[in-house]
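Next come the chains, spelled out residue by residue.
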Amino acid sequence: MATHDANLPLGRGMKAPAATRTRHLRKWGLPVETLVLGLTLLLWVVMALTTSTFLTTNNVVNILRQVSIDSIIAFGVLFPILIRGIDLSVGSVVALSGVVCATLLTAGVPIPLAIALTLVLGVAIGSLNAFSVYRLGIPAFIITLAGLQAFRGGAFLVSDGTSVFGLPKALSAFARAEWLGIPSLFWSMLVIGVVLHFILSRTRTGRYMIAMGSNHESARRAGINIKRIVFFAYIVSSVTACIAGMLLMARMSIGSPTAGVAYELNAIAAAVVGGASLFGGRGSVLGTFIGALLFATIANAANLLGIDSFWQMVATGVLIAAVVYVDNLHKCRQSGVK
Amino acid sequence: MSLLEVRDLKKRFGAVEVLCGVDLTLDAGEVLAVVGDNGAGKSTLIKHISGVYRRDSGDIALGGKAVAFDSPKEARRAGIETVYQDLALADELSVGANIFLGREPVRRWLGLLPVIDRGRILQETQRLIDSIESHIPDGASTVAGLSGGQRQAVAIARALYWDAKVVILDEPTAALAVMERENVIKLSRMLAAKGVGVIYIGHNLVEILEVADRIAVMYRGRIVHVARSEETTQEELIKYMTGYSERRESAA
Ligand SMILES: Nc1ncnc2c1ncn2[C@@H]1O[C@H](COP(=O)(O)OP(=O)(O)OP(=O)(O)O)[C@@H](O)[C@H]1O
Ligand SMILES: [Mg+2]
Numbered sequence: 010m011a012t013h014d015a016n017l018p019l020g021r022g023m024k025a026p027a028a029t030r031t032r033h034l035r036k037w038g039l040p041v042e043t044l045v046l047g048l049t050l051l052l053w054v055v056m057a058l059t060t061s062t063f064l065t066t067n068n069v070v071n072i073l074r075q076v077s078i079d080s081i082i083a084f085g086v087l088f089p090i091l092i093r094g095i096d097l098s099v100g101s102v103v104a105l106s107g108v109v110c111a112t113l114l115t116a117g118v119p120i121p122l123a124i125a126l127t128l129v130l131g132v133a134i135g136s137l138n139a140f141s142v143y144r145l146g147i148p149a150f151i152i153t154l155a156g157l158q159a160f161r162g163g164a165f166l167v168s169d170g171t172s173v174f175g176l177p178k179a180l181s182a183f184a185r186a187e188w189l190g191i192p193s194l195f196w197s198m199l200v201i202g203v204v205l206h207f208i209l210s211r212t213r214t215g216r217y218m219i220a221m222g223s224n225h226e227s228a229r230r231a232g233i234n235i236k237r238i239v240f241f242a243y244i245v246s247s248v249t250a251c252i253a254g255m256l257l258m259a260r261m262s263i264g265s266p267t268a269g270v271a272y273e274l275n276a277i278a279a280a281v282v283g284g285a286s287l288f289g290g291r292g293s294v295l296g297t298f299i300g301a302l303l304f305a306t307i308a309n310a311a312n313l314l315g316i317d318s319f320w321q322m323v324a325t326g327v328l329i330a331a332v333v334y335v336d337n338l339h340k341c342r343q344s345g346v347k
Numbered sequence: 017m018s019l020l021e022v023r024d025l026k027k028r029f030g031a032v033e034v035l036c037g038v039d040l041t042l043d044a045g046e047v048l049a050v051v052g053d054n055g056a057g058k059s060t061l062i063k064h065i066s067g068v069y070r071r072d073s074g075d076i077a078l079g080g081k082a083v084a085f086d087s088p089k090e091a092r093r094a095g096i097e098t099v100y101q102d103l104a105l106a107d108e109l110s111v112g113a114n115i116f117l118g119r120e121p122v123r124r125w126l127g128l129l130p131v132i133d134r135g136r137i138l139q140e141t142q143r144l145i146d147s148i149e150s151h152i153p154d155g156a157s158t159v160a161g162l163s164g165g166q167r168q169a170v171a172i173a174r175a176l177y178w179d180a181k182v183v184i185l186d187e188p189t190a191a192l193a194v195m196e197r198e199n200v201i202k203l204s205r206m207l208a209a210k211g212v213g214v215i216y217i218g219h220n221l222v223e224i225l226e227v228a229d230r231i232a233v234m235y236r237g238r239i240v241h242v243a244r245s246e247e248t249t250q251e252e253l254i255k256y257m258t259g260y261s262e263r264r265e266s267a268a
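Chains A and B supply the protein sequences, listed in that same order. Following my numbering, the numbering of the first sequence begins with 10 at its first residue and continues without gaps. Following my numbering, the numbering of the second sequence begins with 17 at its first residue and continues without gaps.
Just chain B, same shape as in the assembly (with noise of 0.2 Å):
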């Protein structure tokens, strides 16, 4: 039984249909690349994972039951994590209260008042920080002065806290810096190595085929082609990207 399972799902807006139909399937432990060019439709498919959107048809299946959640939140709960393209964290507070945002781990200051733990975020981000060895200088010194890795990091590692079961990263490396990158290929393997499944969308094919373990390449709104990365090349995945093979079926 795969973790995740995507079947026949549909969205259009308004006039246009940006999903026709796509099947999708994702075990524990792999990271499975999503390629496509812009606009075929990658990041609608993930908000619909993530509970942003909700589709007009079809059938998501986390850990063999169905689901249909209403909002990022409720998806949360049941244990997918999303790092967005544009990374949405909070740049005045700290690493630590971006990680535990939300969910902060209250105590009663005087056995009274309900106060923000602090002294336990700390701690427990210090530890997480250490453990993905990503240079971030310590959990409470402000996102804002952080790079686009070390932020990139951070949002991993929120997914990383919270056992997540998905991770969806949407274009993670997009703005990064080549050394940047390599950590980010890094991380998604250690979320993977834990047992997590883990969805990788992104653009640069050598970088796809580094981190993923299998490949699947979307195509104005449909998976056309799903391959192992070890059994695929670039210029087979630009084939499917560009639909030369659905227009060469059209013809046939």
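Okay, chain A solo, but in the shape it has when bound (with noise of 0.2 Å):
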């Protein structure tokens, strides 16, 4: 148990006399995000340089679309991975919400409703994920991986194992829609950053999963309601899916059982480079942004540059592992432990 403990690779509950180095650190902000938004705006740099191709308007604008819902994914992940959860079920949910969009759409349902009961669809999957881990204690890491597996079958099953076509026009419009030359998926993915940043900045809400999420204990006896918090991290982890997946269903005008697969790895990988910690209690929206922006932007210079897209995914873990390395390093010098 203690030699687990120590083997964590983070700063806490080591005590560190430094106090007022780690202050002029953080001073200059934090260092992970900084440092990946720099990587990804070399990339940008150098690929504007050696490329015609990248920056046109018609490349930049196919890259904020897939950032936008690669984003908005990531968001509601970064909240139960804040209270030391996860949900490996994103990508799944992605599928199942845009083909049950889908075929009430098909069934005539006014689009309004249609979009409200997918909606709901993700508050049941994201209560049934915190009921399962609150009141059964099932861990999140299980729970969610059964997730992965039921959410996906549901998607054939609902489906019939093809996709659902024939969706009302204004969908697909509105996907390509741009207002003030940005694409209509990237203002949606603002406005749900934005909710999210001020509900964890701002509000208690998100102040007392950040708690729960650096001290379990101490938020108990705080009196924290943590149940709460414990519906609301992943309501919100699966509602942000739910929308991410009709996003996406509008964007490719199907609905398809086999939309975000491998999503949720995506979803988190872009968090934990934007500083989130897989240990709780620390990660941001904008940071995960980030995050999501470096591999979009990787993704999509590898394509244009006709990179084999598995080097493409060897780069990815070897990023991952880097920037995680480099941010360990870093708090390790902070809490004064090699």
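Worth flagging that the hints you see were computed from the coordinates, not collected in a lab. C-beta: ideal position from N, C-alpha, C; glycine also. Worth double-checking, as some hints may not be accurate.
Interface residues of chain A toward chain B, partial, derived using beta-carbon atoms under 7 Å [as the list claims (entries may be wrong)]:
no., residue
1, Ile219
2, Ala220
3, Ala231
Combine the two chains into a complex, taking the hints into account.
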């Protein structure tokens, strides 16, 4: 037990005498996000200078569309991560919500009602996850892994194993629309991001999530309603996955049961690269966006340069390991422990 | 009338009787130390006072009124603050956020949405830090980078701010350097000077004799001796802590 704790790659629990030094470091902002942002910008500059196809309106809009959906899912996943949980089911929820919404629409249900019903599904899935974690005591990793399987299966069942066609034209028009030269999907992501950032940084609920993730016992003793926080975190995760699922459906003009495969891993990677700790208590919406932007940029660049997508996967993996390593180095130095 | 009165408190965990009839009184403005060997039942006793455990039998009265807390939250609301052995601060939150955790002042953003009043928290925290002179860098820095003594100061400041009637410190100096111990002793005296009743659990008798007005010795689930600190000595306390006096009595 003690050895396990000592092996946590975090500064938590290590008492640091170097309080003033820490303060100076903090003044310079959170280093991981800055590093990742720098890396992303560097990639943009290099790509802009070396290719003629990267910095074109078309391609930039493309990146923005891609990063929008990735970010929305990643924002959601950040919430369970903050309370030291995890949600592996979001990729499958993306598919399930897409085919459910598409099926409702092709059955003649009006658009607003179809969207509302799909969101209710998100609330139900989130509640189920939270109930399993909080009440039944099933580890989040296990229950959402079960969800990853089950909801994917559900998506195939609902759609009879094929894609659902024949969506209202208004939806694909929305997904293609631009306002002020910025794609509507990106606007959607901005709105969701701002709302979630606001909750996280300004409200009691947000603060209690961080308290719970960084010290469960202190949160409990402070009289925080843990149950409420757990439900909130998992519901946010599922509902944002449902929103992303519907946006993806609108963008592709089909409800596909194979949509969103492995999206949960991309989302978690974006949050972690953006400064979130899988041990809870640390992470931000802005950092998560930056993480998602880096991955979307890498994918786009690799595509333009004709780099094998297998290499792209390897590069992404190496990057995750490197960023988390650098982050740990920093934190260990900060808490005076080698 | 005493501020806090515990009478004939009993508790068993399974087959083990951990508290077998504890009597204890605490006055406002005093530091009462509770000493005793490991496993004597000190932490268990204070967890009954702070609402963590429920007693099997006995009475607890606060300000002359019988109380039975169902949760630490209720005890806190009644004015009993506990600084636990393990401190329980949220590392990723700032000093101010920790002091106000669970009781954040809220204002309406744009007259509508309830948001945490961060300005007020920061301001009040800064005032609090200045008043306890504990070298905490500032209210906005996170707790993660603080030393053990600074953490202890934050936890005590939290009790100070919320106008506690009773503050319980469970081995507050266990993990501290010498200089930091002095600071905790100073803070405890400061609390008592403000009229708070302080229960101070510790093992270091030199320190106990310095900080406490009265000392209660616990032995195997009972308070076997209470003395004013100026009227007792380390030798006498150790005698009671090791059960020497009990053995003598039973032999007689
Ligand atoms: N939840 C519990 N269940 C069963 N036994 C317990 C529990 N809590 C405490 N005990 C037992 O009760 C006895 C008293 O424990 P307690 O923690 O109160 O001692 P203490 O005086 O605080 O000791 P220390 O100086 O080591 O902190 C011990 O024998 C302990 O094993
Ligand atoms: Mg103890």
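- List in ascending order the numbers of the hints, as given earlier, that are violated by the structure. Those not satisfied: there are none.
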